[in-house]
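Protein sequences appear in the order of chains C and P.
Under this note's numbering, think of the first position of the first sequence as 458, with each following residue one higher.
Under this note's numbering, think of the first position of the second sequence as 402, with each following residue one higher.
Rather than coming from a laboratory, the hints here were simulated on the basis of the structure.
For lysine-lysine, the following DSS-like pairs were computed, each having C-alpha atoms within a straight-line distance of at most 25 Å:
1) C:502 x P:586
2) C:974 x C:867
3) C:803 x C:930
4) P:631 x P:421
5) P:424 x C:502
6) P:421 x C:502
7) C:862 x C:974
8) P:421 x P:583
9) P:592 x C:502
10) C:664 x C:650
11) C:855 x C:840
12) P:592 x C:699
13) C:784 x C:795
14) C:516 x C:1164
15) P:570 x P:583
Here are the simulated distance ranges between beta carbons:
16) P:735 x C:539: 43 to 51 Å
17) P:676 x C:589: 57 to 65 Å
18) P:452 x C:854: 27 to 35 Å
19) C:683 x P:676: 35 to 43 Å
20) P:472 x C:956: 54 to 62 Å
21) C:746 x P:595: 47 to 55 Å
22) C:683 x P:571: 51 to 59 Å
23) P:404 x C:974: 55 to 63 Å
24) C:542 x P:567: 50 to 58 Å
25) P:534 x C:784: 42 to 50 Å
26) C:854 x P:472: 30 to 38 Å
27) P:452 x C:833: 56 to 64 Å
28) C:700 x P:624: 41 to 49 Å
A virtual CB, placed ideally from N, CA and C, is assigned to each residue, including glycine.
If you want the building blocks of each chain, they are given just below.
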Amino acid sequence: MSSTDDQGAATGAPVSREALREVFADEVVTHALSRDVQLPYGAGKAVLITLDNGHDHNKPNTFGPAGLLSLDDAIEAARARSDISAVAVTGKPFIFAVGADLSGVPQVRDREQAYAVAKLGHDVFRKLGELDVPTFAFINGAAMGGGVEVALHCRYRTVSSGIPALSLPEAFLGLVPGWGGTYLLPRLIGVEKALKIVIDNPLAQNKTIKGPEVRELGIADAMFEPADFVEESLRWAARVVKGETTVERPEVDTGQAWDQAIDNARFMLEGKLHGAAPAPARALELVAASKDRTRDEGFAAEDEALADLMMSDELTAGLYAFDLNQKRAKRPAGAPDKSLARPITKVGVVGAGLMAGQLALLFARRLDVPVVMTDLDQDRLDKGVAYVHGEVDKLLGKGRITSDKANRLKAQVSGSLSMNAFSDADFVIEAVFEKMSVKQDVFAQVEAEVAPEAVLATNTSSLSITEMASKLKHPERVVGFHFFNPVAVLPLLEIVRGERTDDAALATAFATAKQLKKTAVLCKDAPAFVVNRLLTLFMGEVLGAVEEGTEPEVADRSVAPLGLPMSPLLLLQLVGPAVALHVSETLHEAFPDRFGVSEQLRRVVESGKTEIYGPDFQIDPEVREMFAGGGRPSSEEEIRQRALEAMAREIRIMLDEGVVAEPADIDLCLITGAGWPFHLGGITPYLDRSGVSEKVNGSLFHPNGPKAV
Amino acid sequence: MPRTARDVVFVDGVRTPFGKAGKGLYAETRADDLVVRVIRELLRRNPGLPPERVDEVAVAATTQTGDQGLTIGRSAALLAGLPRSVPGYAIDRMCAGAMTAVTTSGAGISFGAYDVAIAGGVEHMGRHPMGEGVDPNPRFLSEKLVDPSALVMGNTAENLHDRYPSITKERADAYALRSQEKVAKAYADGKLQPDLVEMLVRSAEQGYGLASADEPPRPETTLEGLAGLKTPFRAHGNVTPGNSAGLNDGATGAIIAAEDVAADLGLDARMRLVDFSFAGVDPEVMGEGPVPATERLLERQRMTMDDIGLVEINEAFAVQVLAFLEHFGVADDDARVNPWGGAIALGHPLASSGVRLMMQLARLFAERPDVRYGLTTMCVGMGMGGTVLWENTNWEGSAK
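Excised from the complex, chain C in its bound form (with noise of 0.2 Å):
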């Protein structure tokens, strides 16, 4: 392709070059600065391209229209030469690219410009892989989205063993890696390893690679220490432009493997989110098309796939979610000012529980100081102590930590038969039996013995924190701190001002939050704070249509369209039904016209049975017993939509009631502390566009479109 062709495909589009430029206004432009290098060797002149958008790392290149653009401009200058024999990509320290600039997304206005913009992408990078001499990238830094694709048309790659991370996170976002990467990829290292990137690891919690990974997985062809990398990245390149180096990479298997392995992906892809996501979905069916494909219908089958992305509800809500975490997790609405916060030097945990021993170890290893467990029974105490050691142990054989830390935290741990050890602490949490009568009188046996000033915590996640501390001499210092099982893995940590709380003990809470690596979220004193409250109205819409005589199977396969990230029995399976029924027991008693009680559900509890469904992945016939009877079935599109205006419903009084400060709290607890998914922005974004707010409630939760500051 020649270069007018290019300049007129782009300026011919519908929409110009500069119109993109306006409608990115605010783009931080990366910068593609070209600098001539002699290669070792005597293998010529190579001309050096630097992504730099001027900032630190803490901010890192993106490409918008601007910087698009402006590598465009450094590629048609080494076009045009004739005396140099390579052109080579690098980043600037620590960064290579980390994708398209996605501030500017919510400004497209159309599907038209939607598509300049894609098309902008493809008409720049593919010139990378046609120019006439060799191009490299050399991946120095963190390499994202469109970071990886600018690569990804280079003939050649090197890669950093330091690099921190690399990934293709546009289908976790709700986008596909359309600048070239569904249909670049998989033709470079097989379409197997490329579904892991370009599928499986934004779905993992949006997972990403490291430097010899991306080597061993053939992303890069070669790997040099961070120490001088691109010097011996332009040795290799030298080489290779000699012909003294030859690179070579396994043929890919385009046969029966290749459709074996995009049915294996269909499936898991349906299994797991049942349509809900269209992202990931079209990304699949890109990848599984690249292989029969030109490169200039491969790049107009993405640039299509892009622009009607970009316009999808489903962006939407996924950047508003990526936002959330971002921005406001990092700065919690109405945490009061943080200097007010008091140091704390020593924690104890009042219990020796399952729960008890897993905050004990959280708190030993993020905040780095003494952590006492108190039990009344020694055997119970010292198999708390022994459960946080022997995690530590597991860390350390999994090399997570040294055997100095690993020292450091056993002797940090340690167990007391009497809260006389909470003498000297500073914070003290207990996770004991969830019934308020025993929690007052723990804290009235802490208070007997730590400072004045301590704060006392509680992981309830049920029981007034006003009510808890009414008994106190200093109620002012008792906050709500509660957790999400599994307390290593869900970040999420709803932090509850009781009545009298003080702005001290609920500053010291957020900065201990944030030591603790958690997203706080500022909760009112209500029963069951946040998430439990809204987890638990949904699954009792699903166990009221159970009741009422729909199959169980039907109910729970109900709300699957909505690809949350397990059916509703699942979760109460994993919650415990006997702890679910105490929860929605709380909240009929606060609330009894909106939150039953399942009679079903008493009679799983009272038969002792813990495990909803079978190790063969059916319903327990015991269970199933025990949800039958009623005459009134439904049809899973009538339980769906009962339980989604419900929510609406609950949400918008939670909001009235002050629960939380706006419903982007009420989406990051949901999102972090039950792992809703991105393309439900949570949920507030779909309750909106998908009429539910509007008929139940008369209005959006965002008039103006979802927006996360």
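Go by the hints and put chain P onto chain C.
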């Protein structure tokens, strides 16, 4: 048990291309990164040397703060990826830093405390101008311990012209021109490039680039041009930017080993350390330092300058080289002296230069099996000189 001194050999040397301080090649490149590149290249070029066999990393820098601080030998070793078991330290003898790194670690090897050492130096004079942060004791002046001119190297060079009235500005300029011409020829003949390791350089405005050749040389130099240059240190004086080394950035490094260990590991032994000497002179004429240092050395070895087949002398100033030559009765253009030119053309990143002299001498030895002995020598700020005597391991036993 009686102790036997071991023979010490120079195995290999590597340096970054030298840059001009200020707005030159390395304006946005860290000094420690230069050292790291050199260390890694030494190990790459000598695969027979297991990294854990390096017993010491001695790195010199004159200004030991910032990116030249933090015990640069140790920090560079860690940054270079040497095993953590390998120790390192920092050395300072101003211009003779790298030379001292070699003599000190060489002495340690001879003594039996080390088998192998990496010795080198760095100076990023752009980031660390000469005299950065110094705080001279007021007694220097109040007790007239040294003349104030002793602290400004250009002034000491003017003072040296006073001490050697026969060395005129014209002689100095002619010497400087020859240095430029010799470097240009050596470059054209590919003599200097083998010791260079190309270095990544960054510029926020231009992006990354690659330093592949020395930046300071001015092959276009003419006598007329030199004659017209200003004499910044003294009105109507003799010392000009043209007949002195500039302000430069660069790093050097060498592998020094016990000769038997080098043989065991299959490493080159390109020249043998025979002896070394450091001597003090009046700080006001520090350029004279190589004279007593060399005198002392030759006397101890019962040798004369006639026994020396090659001299690599650092060219901080032309006058200082000419004073040395005049003292030993050697002609200004003697072919034994700096055959491939010197610091006036190549640059003089203070503490790194000593090892540049050595790597150049080692290359020359390889071409000259007829030569048995060579010197590397240099003057040092605060009034010192250092000289190292080397024996050519390629010597074929004839002539000198």
